[in-house]
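Undergrad: These protein sequence lines are chains P and D, in that order.
Mapping the first sequence onto the numbering used here, position 20 (from 1) lands on 20, and the numbers just tick up by one.
Mapping the second sequence onto the numbering used here, position 32 (from 1) lands on 32, and the numbers just tick up by one.
If a hint is listed, it holds; no wrong ones were tucked in.
Simulated crosslink set (DMTMM-like; lysine to aspartate or glutamate; CA at most 20 Å straight-line):
1) D:K9 <-> D:E68
2) D:K248 <-> P:D203
3) D:K284 <-> P:D203
4) D:K119 <-> D:E89
5) D:K331 <-> D:E313
6) P:K138 <-> D:D304
7) P:K284 <-> D:D203
Don't read these hints as lab results, they were simulated from the structure.
There are 2 protein chains.
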Amino acid sequence: MTKSIRIGKIGIGGGQPVAVQSMTTEKTGDVSKCVAQIIALQKAGCDIVRVSVLDEEDARAIGKIKGEVSLPVVADVHFSAKLAVLSVESGADKLRINPGNIGGEREIARVADCLKAHKIPVRVGANTGSIERHFLEKYGRSAEALALSALENVAVLEKHGVFDIVLSVKASDVPLTLAAYRYLAERTDYPLHLGVTEAGGGDAAIVKSAVGIGALLCDGIGDTIRVSLTDDPVREVEIAHEILRACKLERNYVEVVSCPTCGRCRYDCMALSQRVRERVRGVKKPLKVAVMGCVVNGPGEARDADLGIAGGEGECLLFSRGEILQKIPAKDAEEEFFRRLFELLEA
Amino acid sequence: MTKSIRIGKIGIGGGQPVAVQSMTTEKTGDVSKCVAQIIALQKAGCDIVRVSVLDEEDARAIGKIKGEVSLPVVADVHFSAKLAVLSVESGADKLRINPGNIGGEREIARVADCLKAHKIPVRVGANTGSIERHFLEKYGRSAEALALSALENVAVLEKHGVFDIVLSVKASDVPLTLAAYRYLAERTDYPLHLGVTEAGGGDAAIVKSAVGIGALLCDGIGDTIRVSLTDDPVREVEIAHEILRACKLERNYVEVVSCPTCGRCRYDCMALSQRVRERVRGVKKPLKVAVMGCVVNGPGEARDADLGIAGGEGECLLFSRGEILQKIPAKDAEEEFFRRLFELLEA
Chain P
1 MTKSIRIGKI
11 GIGGGQPVAV
21 QSMTTEKTGD
31 VSKCVAQIIA
41 LQKAGCDIVR
51 VSVLDEEDAR
61 AIGKIKGEVS
71 LPVVADVHFS
81 AKLAVLSVES
91 GADKLRINPG
101 NIGGEREIAR
111 VADCLKAHKI
121 PVRVGANTGS
131 IERHFLEKYG
141 RSAEALALSA
151 LENVAVLEKH
161 GVFDIVLSVK
171 ASDVPLTLAA
181 YRYLAERTDY
191 PLHLGVTEAG
201 GGDAAIVKSA
211 VGIGALLCDG
221 IGDTIRVSLT
231 DDPVREVEIA
241 HEILRACKLE
251 RNYVEVVSCP
261 TCGRCRYDCM
271 ALSQRVRERV
281 RGVKKPLKVA
291 VMGCVVNGPG
301 EARDADLGIA
311 GGEGECLLFS
321 RGEILQKIPA
331 KDAEEEFFRR
341 LFELLEA
Chain D
1 MTKSIRIGKI
11 GIGGGQPVAV
21 QSMTTEKTGD
31 VSKCVAQIIA
41 LQKAGCDIVR
51 VSVLDEEDAR
61 AIGKIKGEVS
71 LPVVADVHFS
81 AKLAVLSVES
91 GADKLRINPG
101 NIGGEREIAR
111 VADCLKAHKI
121 PVRVGANTGS
131 IERHFLEKYG
141 RSAEALALSA
151 LENVAVLEKH
161 GVFDIVLSVK
171 ASDVPLTLAA
181 YRYLAERTDY
191 PLHLGVTEAG
201 GGDAAIVKSA
211 VGIGALLCDG
221 IGDTIRVSLT
231 DDPVREVEIA
241 HEILRACKLE
251 RNYVEVVSCP
261 TCGRCRYDCM
271 ALSQRVRERV
281 RGVKKPLKVA
291 VMGCVVNGPG
301 EARDADLGIA
311 GGEGECLLFS
321 RGEILQKIPA
331 KDAEEEFFRR
341 LFELLEA
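Please construct the entire structure, taking both the sequences and the accompanying hints into account.
TA: If you want it as structure tokens, here you go:
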């Protein structure tokens, strides 16, 4: 069990639900654009939002942003203890820094004092671009080097009395990411922030993030996740929730299962399953709905569905939890299926 | 190490490359449509294709299909030993059956004799709809029940002298799928066919398949994979390759990494990375290209890229393997970046 840490109103670690993070792409100093983006992220299911702080305008904007949104805000600061301190004083709920680039021991002490005074947690970590040179020389660009770099950052903070720490070790290489987090999970009880970095865009990015984050979550590793896509950050949040659902860490939604269809399929299962997915999107209810291509395998394979339809030649089956509800002529099947679906959704 | 099995010209198991499978959705008896679909699947990178056999017309069509395509063809047959035998005699390179529904001991013996005479392998397995009743009663709908059902099918075949077996245990529940395959991997050396069944469509299906199949592949489990999507089967093959790439089991392609961009980004990184992805799609060359949002983190994080671009205020950086190649005014950067990319692709 990892340590429990508070980031504003959200708790992570210690067995609390895995929190979904994302990051704004608007300039933080542009408060109205930034707020609009955060509200869109929150609507999509984001729990914690990170903003980058490049200058004093950005740091001061955090206070204004916090006045208009309810999500905890994390300030991402590099190269400047002054901006880190200003961000916390402005209201940031958490810092994301690299102690290694903040400007030496005295500057680290300054940030640490500020974190303790405001009782604010901090995320540190390493990515393949920020591995400490001595680990790189000893271990190469490896999981050990990544994890040990992250743990060295932890040691620096602990020396300054900071113990509210979240850790990350991100790489764009998925097996390396898995190995580094597993290494950390065995050696620390600080909460872990999972992500695959520079995942890119398109299918490749979704798949990389799903494999990297999902494999760890299924093994019980990870307290908060951030899917990194070169795309609208709202997509990051959507994919993050799909990962949580795939790992059975989120159940309060309508799961739509459907078969890939084969030569056995006699109706447009693909189109119907898409209409069903659209209809149930965003509904918060733990239900399972099945759209199956054939009466041969459908009801059996989708035995645990609360409602299912299986297509046949001229006739469809509607079923629930393995029981046949009715046989119905194909032309009337969809209407009756949706009628029963609405009933379930509103029950 | 799993046992090596031949499916036509493709070998699986025993450390051979993980083969990508898909399944046609056209009626198998409609030879010209089926052939067209198989050719599209092959072009997308499919190694083995499965067709469903519902009647004698389908079984006989396999011979005609085999005359027009070079991919190994697997016949998916249920409820009929006669159709299974006819499919093999017609030229199928592998059978997919459930011994439990093929019609009793004598019928199983008939299929087994046919498999041995033609030296053809067979896939058996269980999914959550076909768990043997006595395991269901003893273990519930669990990983053990799934895996033991599959192993019981293996025992039935072995009793009849069939040892060229591929095994699968599919569920639509990802953690259950992982647990069942891990259970099998410890207890059998037959090659494993991985898949998440009834994954459905849209993001959810891609994510489920990526987590389920990818987590196992990263742990060294799995010899052939089939992504099941309620979508065009060509998409199944595309996603399968993305999973292999994420797991570093496929390297002969151009990987495009790019950062999610943040408030630090000063150019349209998202649009450029998409153009780059389109340009390199299908190129078989082990290269890594990086499109990074900012000069602060870009070159360091993408240190292992063969070519990279990082955007800045008015000026971009081009870099290769961590070395700056040149600073260039933003307006000329994309053209120069693509010129260097073409050079690399054609080198």
